[in-house]
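Each chain, letter by letter, is given below.
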Amino acid sequence: MKQIYQLLLRVASLCGIFVLVTANTPVLVPEVSQDRISIRGDFNGAQLLLFGAITYPPGTRNADQADIVVVLKGPVESIVVREKQQIAGIWINAASSEFRSAPGYYAVASSKPINEIVDDKTADIYELGLDHLQLSPAGAIDSRELDRFVGGLVDLNSRGELFKNLPNSVKITNNVLYQARINLPASVPVGDYTAETFLILDGRVAAAEVKEVTIEKIGMGRFITNLSQQYGFLYGLIAVFISVVLGWSAGYLFRKM
Amino acid sequence: MDIYLPIANLSVNAFVIVLLGGLVGILSGMFGVGGGFLTTPLLIFYGIPPTVAAASASTQVTGASISGVAAHMRRKGVDFRMGGILVAGGMFGTLIGTGLFQILQRWGQIDTVINVLYVLMLSSIGGLMFKESLQSVRALRAGKPLPAQKRRHHPLVANLPFRWRFYRSGLYISPIAPFLLGLLTGILTMLLGVGGGFIMVPAMLYLLGMGAQVVVGTSLFQILFVTIASTMMHSMTTRAVDIVLASLLLLGSVTGAQLGAKFAQRMRPEYLRLALASMVLLVAIRMALGLGFQPDEIYTVQPL
Chain R
1 MKQIYQLLLR VASLCGIFVL VTANTPVLVP EVSQDRISIR GDFNGAQLLL FGAITYPPGT
61 RNADQADIVV VLKGPVESIV VREKQQIAGI WINAASSEFR SAPGYYAVAS SKPINEIVDD
121 KTADIYELGL DHLQLSPAGA IDSRELDRFV GGLVDLNSRG ELFKNLPNSV KITNNVLYQA
181 RINLPASVPV GDYTAETFLI LDGRVAAAEV KEVTIEKIGM GRFITNLSQQ YGFLYGLIAV
241 FISVVLGWSA GYLFRKM
Chain V
1 MDIYLPIANL SVNAFVIVLL GGLVGILSGM FGVGGGFLTT PLLIFYGIPP TVAAASASTQ
61 VTGASISGVA AHMRRKGVDF RMGGILVAGG MFGTLIGTGL FQILQRWGQI DTVINVLYVL
121 MLSSIGGLMF KESLQSVRAL RAGKPLPAQK RRHHPLVANL PFRWRFYRSG LYISPIAPFL
181 LGLLTGILTM LLGVGGGFIM VPAMLYLLGM GAQVVVGTSL FQILFVTIAS TMMHSMTTRA
241 VDIVLASLLL LGSVTGAQLG AKFAQRMRPE YLRLALASMV LLVAIRMALG LGFQPDEIYT
301 VQPL
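Line by line, the protein sequences are chains R and V. So in the numbering used here, spot 202 of the first sequence is number 202, and the numbers just go up one at a time. So in the numbering used here, spot 143 of the second sequence is number 143, and the numbers just go up one at a time.
With the rest of the complex left out, here is chain R:
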């Protein structure tokens, strides 16, 4: 029920933006440095530059204090989070919780800490910040336990550099130009990403724009992945062939020596 309520709120607020945009409010013109990130054999992470301008309609004054929040979000998937507990002296997976919409990557960059820009309710609606992720937990679960699992997931992914809060990392120049840099680790999941930019004035979302970014494997890596997914038998034969040839030829060379 809570989720439906939040969804309605979100739809309502997006309509609200639309109405507002047609009135005399600023407009966002966002851009990303690359809309396609290719993972090659030497891929070791990447940096994405998200930048753009806030344009104010003629006749209005530039806002004194505009805040920008940029959310880069990776492919959403269903996951199960397992929790280890010590039972009879050994640590085993004892509890688990399923989430229907966990992003594989989530970074939020903002010009000030999120809680200084918007209230919790707005942050929940737009999923601004790691404390406000909407993961769609499956099944009945009490909120204390849920918080524990969400905390575990966020902590795990934060240390893996897949989830990050980057307060004070959006640089705004003259209340018009903004830019943020977000690092992607080598373990970044492939798929379709969205880069959402929010312009926030006086604690309210005044404008929002979305850009799409695709992260994909190319070349040999892509070939290997496709082969392993679609032609498992052939892939296995190739793997065996490589190991037999390498093993055999090393043996042959050493015998000659």
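Hints are supplied without guarantee of correctness; some may be wrong.
What the hints assert, rightly or not - Here are the computed lysine-lysine pairs in the DSS-like style, where the Cα-Cα straight-line distance is at most 25 angstroms:
id : chain 1 : residue 1 : chain 2 : residue 2
1  : R       : Lys256    : R       : Lys121
2  : V       : Lys262    : R       : Lys256
3  : R       : Lys256    : V       : Lys76
Unchecked claim - To give an idea of the interface, some chain V residues facing chain R are shown, with a C-beta separation under 10 angstroms as derived from the structure:
id : residue
4  : Ala64
5  : Asn115
6  : Ser247
Derived from the structure by calculation, the hints contain no laboratory data. All of these numbers come straight from a predicted model, not from anything done at the bench. Every residue gets a Cβ at the ideal spot worked out from N, C-alpha and C, and that includes glycine.
Assemble the complex: chain R is given as a structure, and chain V must be docked to it using the hints.
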């Protein structure tokens, strides 16, 4: 040099992986074991997902064992009859292992089962070998050879029906015993990415009572075929074999295996066995402690 692993989805230092393969290769050449029981834990420690580590390690063991098999065949150190039965058991084992792998993965207990299995087997086998080899080494030091023990198989093995003659092994026993041994190692290969040599070699010596001159060659022969089967099963079910990772490991291990085989010729077998036993025990102790210590990660994520 960083290189991206397409199946593991992360980048690793190629040099470190080749070195790791080389280290394991030296051990496998010296002791006639595949070395998978070291590769898998080390890869996991390096940050490779456990399933990818186990699957790719079994591919690596294939390459590491092939030149050993060839070498032992030339000096007639492979009992093909015994090896054939072990392979047949191993094939069934990989099938059972595939089913177990999927069930355990669904329950989220695969990691615990892997760890507990490691501890139980490594500690019992390591203990057995350690005791035996220590006695031999002491006898060697004292200068008086151990009273030549009559080689005999375990009473349980002796009681099995349908006896066959295994000429090269010097045995007259039921094929059921090696079949079951092969089956067990097949399951382990699938679950743990180990070739099973560290179980097979002592089991052949102490349970079956095989002649020492064919133990290592026959064990490698079985490992070769069972790891091939395991690579194929993983490629078709878990799809976790990373060819790039396996190739890097192989580059190191095939070279290491040759060096290891050269070392082994210069060392006395008693010391070699003592060294292997100590290593197996060390891994067992480390893993047993790991079960009791609070793990680094309380939470783990698995896609549905």
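Status of the hints after comparison with the structure:
| no. | hint | result |
| --- | --- | --- |
| 1 | R:Lys256 / R:Lys121 | violated (74 angstroms) |
| 2 | V:Lys262 / R:Lys256 | holds (14 angstroms) |
| 3 | R:Lys256 / V:Lys76 | holds (20 angstroms) |
| 4 | Ala64 | holds (6 angstroms) |
| 5 | Asn115 | holds (8 angstroms) |
| 6 | Ser247 | holds (6 angstroms) |
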